[in-house]
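K.L.:
Chains A and B, in that order, are what the protein sequence lines are. Read in numbering that gives the first Met the number 0, the first sequence has 273 at position 274, and its numbers run on one by one without any break. Read in numbering that gives the first Met the number 0, the second sequence has 192 at position 193, and its numbers run on one by one without any break.
Heads up, some of the hints might be wrong.
[Unchecked claim] Stretch by stretch, here's where chain B covers chain A in the computed footprint (C-beta under 8 Å, at least three residues):
1. 157-171
2. 266-275
[Claimed, not checked] Simulated pairs of lysine-lysine, DSBU-like, Cα-Cα distance not exceeding 30 Å:
3. B/Lys279 / B/Lys302
4. B/Lys237 / B/Lys302
5. B/Lys287 / A/Lys279
6. A/Lys279 / B/Lys279
7. B/Lys319 / A/Lys315
8. B/Lys279 / A/Lys287
9. B/Lys287 / B/Lys237
[Unchecked claim] Label pairs and their calculated CB-CB ranges:
10. A/Thr308 / B/Leu120: 34 to 42 Å
11. A/Phe337 / B/Gly99: 14 to 22 Å
12. A/Phe337 / B/Asn286: 40 to 48 Å
13. A/Asp263 / B/Leu283: 19 to 27 Å
14. A/Pro340 / B/Met17: 48 to 56 Å
15. A/Arg238 / B/Pro37: 55 to 63 Å
16. A/Arg312 / B/Met17: 33 to 41 Å
17. A/Ala121 / B/Glu109: 57 to 65 Å
18. A/Met357 / B/Asp241: 54 to 62 Å
19. A/Arg312 / B/Glu98: 32 to 40 Å
Source of the hints: derived by calculation from the structure; they are not laboratory data. We treat Cβ as the ideally placed atom computed from N, Cα and C, and that holds for glycine.
Each chain, letter by letter, is given below.
There are 2 protein chains.
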Amino acid sequence: MSSRFAPLKNDTFLRALMRQSTEYTPLWLMRQAGRYLPEYRATRSKAGSFMGLATSPDYATEVTLQPLDRYALDAAILFSDILTVPDAMGLGLSFAEGEGPRFARPLRDEQAVRDLRSPDLASLQYVFDAVTQIRTELAGRVPLIGFSGSPWTLACYMVEGGGSDDFRTVKSMLYDRPDLMHHILSINAAAVAAYLNAQIEAGAQAVMIFDTWGGALADGIYQTFSLNYMNEVIRGIKREYDGERIPCIVFTKGGGLWLEEIADSGADAVGLDWTVHLGKARALVGNKVALQGNLDPNVLFAKPEQIRTEVERALKAFGKPGPGSGHVFNLGHGISQFTPPESVTAMVSAVHEISRQMRA
Amino acid sequence: MSSRFAPLKNDTFLRALMRQSTEYTPLWLMRQAGRYLPEYRATRSKAGSFMGLATSPDYATEVTLQPLDRYALDAAILFSDILTVPDAMGLGLSFAEGEGPRFARPLRDEQAVRDLRSPDLASLQYVFDAVTQIRTELAGRVPLIGFSGSPWTLACYMVEGGGSDDFRTVKSMLYDRPDLMHHILSINAAAVAAYLNAQIEAGAQAVMIFDTWGGALADGIYQTFSLNYMNEVIRGIKREYDGERIPCIVFTKGGGLWLEEIADSGADAVGLDWTVHLGKARALVGNKVALQGNLDPNVLFAKPEQIRTEVERALKAFGKPGPGSGHVFNLGHGISQFTPPESVTAMVSAVHEISRQMRA
Numbered sequence: 000m001s002s003r004f005a006p007l008k009n010d011t012f013l014r015a016l017m018r019q020s021t022e023y024t025p026l027w028l029m030r031q032a033g034r035y036l037p038e039y040r041a042t043r044s045k046a047g048s049f050m051g052l053a054t055s056p057d058y059a060t061e062v063t064l065q066p067l068d069r070y071a072l073d074a075a076i077l078f079s080d081i082l083t084v085p086d087a088m089g090l091g092l093s094f095a096e097g098e099g100p101r102f103a104r105p106l107r108d109e110q111a112v113r114d115l116r117s118p119d120l121a122s123l124q125y126v127f128d129a130v131t132q133i134r135t136e137l138a139g140r141v142p143l144i145g146f147s148g149s150p151w152t153l154a155c156y157m158v159e160g161g162g163s164d165d166f167r168t169v170k171s172m173l174y175d176r177p178d179l180m181h182h183i184l185s186i187n188a189a190a191v192a193a194y195l196n197a198q199i200e201a202g203a204q205a206v207m208i209f210d211t212w213g214g215a216l217a218d219g220i221y222q223t224f225s226l227n228y229m230n231e232v233i234r235g236i237k238r239e240y241d242g243e244r245i246p247c248i249v250f251t252k253g254g255g256l257w258l259e260e261i262a263d264s265g266a267d268a269v270g271l272d273w274t275v276h277l278g279k280a281r282a283l284v285g286n287k288v289a290l291q292g293n294l295d296p297n298v299l300f301a302k303p304e305q306i307r308t309e310v311e312r313a314l315k316a317f318g319k320p321g322p323g324s325g326h327v328f329n330l331g332h333g334i335s336q337f338t339p340p341e342s343v344t345a346m347v348s349a350v351h352e353i354s355r356q357m358r359a
Numbered sequence: 000m001s002s003r004f005a006p007l008k009n010d011t012f013l014r015a016l017m018r019q020s021t022e023y024t025p026l027w028l029m030r031q032a033g034r035y036l037p038e039y040r041a042t043r044s045k046a047g048s049f050m051g052l053a054t055s056p057d058y059a060t061e062v063t064l065q066p067l068d069r070y071a072l073d074a075a076i077l078f079s080d081i082l083t084v085p086d087a088m089g090l091g092l093s094f095a096e097g098e099g100p101r102f103a104r105p106l107r108d109e110q111a112v113r114d115l116r117s118p119d120l121a122s123l124q125y126v127f128d129a130v131t132q133i134r135t136e137l138a139g140r141v142p143l144i145g146f147s148g149s150p151w152t153l154a155c156y157m158v159e160g161g162g163s164d165d166f167r168t169v170k171s172m173l174y175d176r177p178d179l180m181h182h183i184l185s186i187n188a189a190a191v192a193a194y195l196n197a198q199i200e201a202g203a204q205a206v207m208i209f210d211t212w213g214g215a216l217a218d219g220i221y222q223t224f225s226l227n228y229m230n231e232v233i234r235g236i237k238r239e240y241d242g243e244r245i246p247c248i249v250f251t252k253g254g255g256l257w258l259e260e261i262a263d264s265g266a267d268a269v270g271l272d273w274t275v276h277l278g279k280a281r282a283l284v285g286n287k288v289a290l291q292g293n294l295d296p297n298v299l300f301a302k303p304e305q306i307r308t309e310v311e312r313a314l315k316a317f318g319k320p321g322p323g324s325g326h327v328f329n330l331g332h333g334i335s336q337f338t339p340p341e342s343v344t345a346m347v348s349a350v351h352e353i354s355r356q357m358r359a
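One chain only, chain A, in its complex shape (with noise of 0.2 Å):
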């Protein structure tokens, strides 16, 4: 245990993630500090803007510790953008109100492609500052993770200058000028590499991958084009860190058909959204990595009896973890800013009293 920080309470999560035995499943929310959050609201409202609650530490540091205290989760996660990477390497990120994020530089031609630099890590020093605060803040009560968007879809925005549904842009390039994208994706890969090590320095105690967009590219194409750089990022990352493991979980949305290959990442999890059946993925992976996931963040606009049988239906698909396997309960995709409050206190008690008595 690092000697800066307090030793740590409930480490669930980080030994279901090394596939260690826990007494119950541990549980975490994509997206759980947010706007589904009437406190998140108000932070964000006294913020300004996103990006000024983003680029403050005691704001993200506030609203990363919101959610802990609503409800019984058993990880933290850095509230941050995924974009704060390309942003730093000078595309000019914004967030227009309802719109989704905007690059005023995406990189639409040759040149802005080979002008291309991994960011000066200064530039960022707000997001360790405050993983070091929140960290500290945290007291050991749960690990925090800090995370990065994988190369490719870090790619997607910055070719895309903003959200797309079709990627066409992207994949107009990628398909025709498969060099320039190569470029771009070794340029992503150095920068998340040392971008979650600087996390990890700061104190993140896991780190995840998050592959958006993989799922939106073809077979083949995704192992070439998103696979194989997170695979380089896997390789670049800190695995231990001031005398501590620091698990490292990957998830492609959509990519349930290539489980097998992201298995092979050398990730220590690798999420999963709701389309796989959670049995059948363990099956595929053996005791190679952990599982994490997987609710339709659906569920949670039906009543709580619903929400307990989905639930139940999840951890009965994984099973009874045995020895060498685990699995960390979460959604297949950020919890909705429509979710209801209360809905999230159902999910939490019934993975946590589900899972016990599935391990009695």
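Since the structure of chain A is already known, use the hints to place chain B on it.
P.N.:
What follows is chain B alone, placed relative to chain A:
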């Protein structure tokens, strides 16, 4: 061969669907009659609106035939929209320019669901008239495909009231009031079967069920709320008419993980998107069904050489069609409106040439 229509000169597509041997791999494109073609845009502009186009048998015939005049495609597909059925149920369909479909009266409460009725097929006579007119004007060049949305995909639009990126409204109903969702889906299944049968009687020589949003569902939920109702449709449609076999294709976009179950639906062929490896898919389904797909439509933004490379990769992934197998080449989703028309020329030649060579 029906006595009403000219004999078929090119039945390659139908033979591939029925897993009979063919001299080359036949192809057609989802949304092949569409906005990427200047001649389509000209007709669309004469018609005044999308619905003006879709509801006029003359215009529908004109645009259905346009891609066949330009490209050596092996099938025609009725120009229409999957939302004609819920429109005929009284939900009030409109298309705002550049905004996608809207229903004036979506199914938002129990009363609306209880009031839902299978449509009077007479109100869809314009579709069946178009089928007969297209088949007549095709004069046996290639077979004509009729189609419908799947019960679940129609329900998505009927409950959401339009497109959605998270399906929050329809999934809330599914998880919270599964009884209401089953009620809608039962009515939709009966309506879709009747609609497809009327298209078959009007002259459709194959039918396809588009389950565009099945892939948004969770494992287990997909089987109960989408696949089961497609199976019901398949059991309800004529598989032979006027002395001819009418093959049926089912396509769940994003359904690659459920391929074996979809192959048990009773359909003759299963459509696949680009996330699936055709060779692995073929190994999984054996000779139970033919496969259709699966190029990423964004490949068509690359240069002709790259298009050829990707076509070859898909054809080789499937492998040389052997006895009892069948492959129909297609995209994995509708062609983009921004596609350069000459890219389609390159793709069509590549499919025909390479697939002939592979059989030599």
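K.L.:
Each hint: holds or not?
P.N.:
Here is what the structure says about each hint:
1. Judged by the Cβ-Cβ criterion of 8 Å, the stretch 157-171 of chain A is covered by chain B as claimed, because 6 of its residues qualify and three suffice.
2. Counting residues of the stretch 266-275 of chain A whose C-beta lies closer than 8 Å to any C-beta of chain B gives 3; at least three are required, and the coverage claim holds.
3. Restraint check: the Cα-Cα separation between B/Lys279 and B/Lys302 comes to about 28 Å, which is no more than 30 Å; the hinted pair holds.
4. At most 30 Å may separate the alpha-carbon atoms for a hinted pair to count; B/Lys237 and B/Lys302 exceed this at roughly 43 Å.
5. A threshold of 30 Å between alpha carbons decides the hint, and for B/Lys287 with A/Lys279 the separation of about 23 Å falls inside it, so the pair holds.
6. Straight-line distance between C-alpha atoms of A/Lys279 and B/Lys279 comes to about 17 Å, which keeps the hinted pair within the 30 Å bound.
7. With a C-alpha separation of about 41 Å, the suggested pairing of B/Lys319 with A/Lys315 is violated against the 30 Å cut-off.
8. A distance of roughly 23 Å separates the Cα atoms of B/Lys279 and A/Lys287; the hinted pair therefore holds under the 30 Å criterion.
9. The hinted pair formed by B/Lys287 and B/Lys237 meets the criterion: a straight-line CA distance of about 19 Å does not exceed 30 Å.
10. With their beta carbons about 39 Å apart, A/Thr308 and B/Leu120 fall inside the hinted range of 34 to 42 Å.
11. In this structure the hint that A/Phe337 and B/Gly99 lie 14 to 22 Å apart at CB holds, the actual value being about 21 Å.
12. Range check, A/Phe337 to B/Asn286: about 47 Å between beta-carbon atoms, so the 40 to 48 Å window is met.
13. Between A/Asp263 and B/Leu283 the CB atoms are about 21 Å apart, so this pair conforms to the stated range of 19 to 27 Å.
14. Between A/Pro340 and B/Met17, the C-beta spacing of about 55 Å keeps the proposed range 48 to 56 Å intact.
15. For A/Arg238 and B/Pro37, the Cβ-Cβ distance of about 56 Å falls inside the hinted range of 55 to 63 Å, so the restraint holds.
16. Checked against the hint of 33 to 41 Å, the C-beta distance between A/Arg312 and B/Met17 comes to roughly 39 Å, which is consistent with it.
17. Judged by the Cβ atoms, the range 57 to 65 Å given for A/Ala121 and B/Glu109 holds: they are separated by roughly 59 Å.
18. Between A/Met357 and B/Asp241 the CB atoms are about 57 Å apart, so this pair conforms to the stated range of 54 to 62 Å.
19. A hinted range of 32 to 40 Å for the beta carbons of A/Arg312 and B/Glu98 is consistent with their spacing of about 37 Å.
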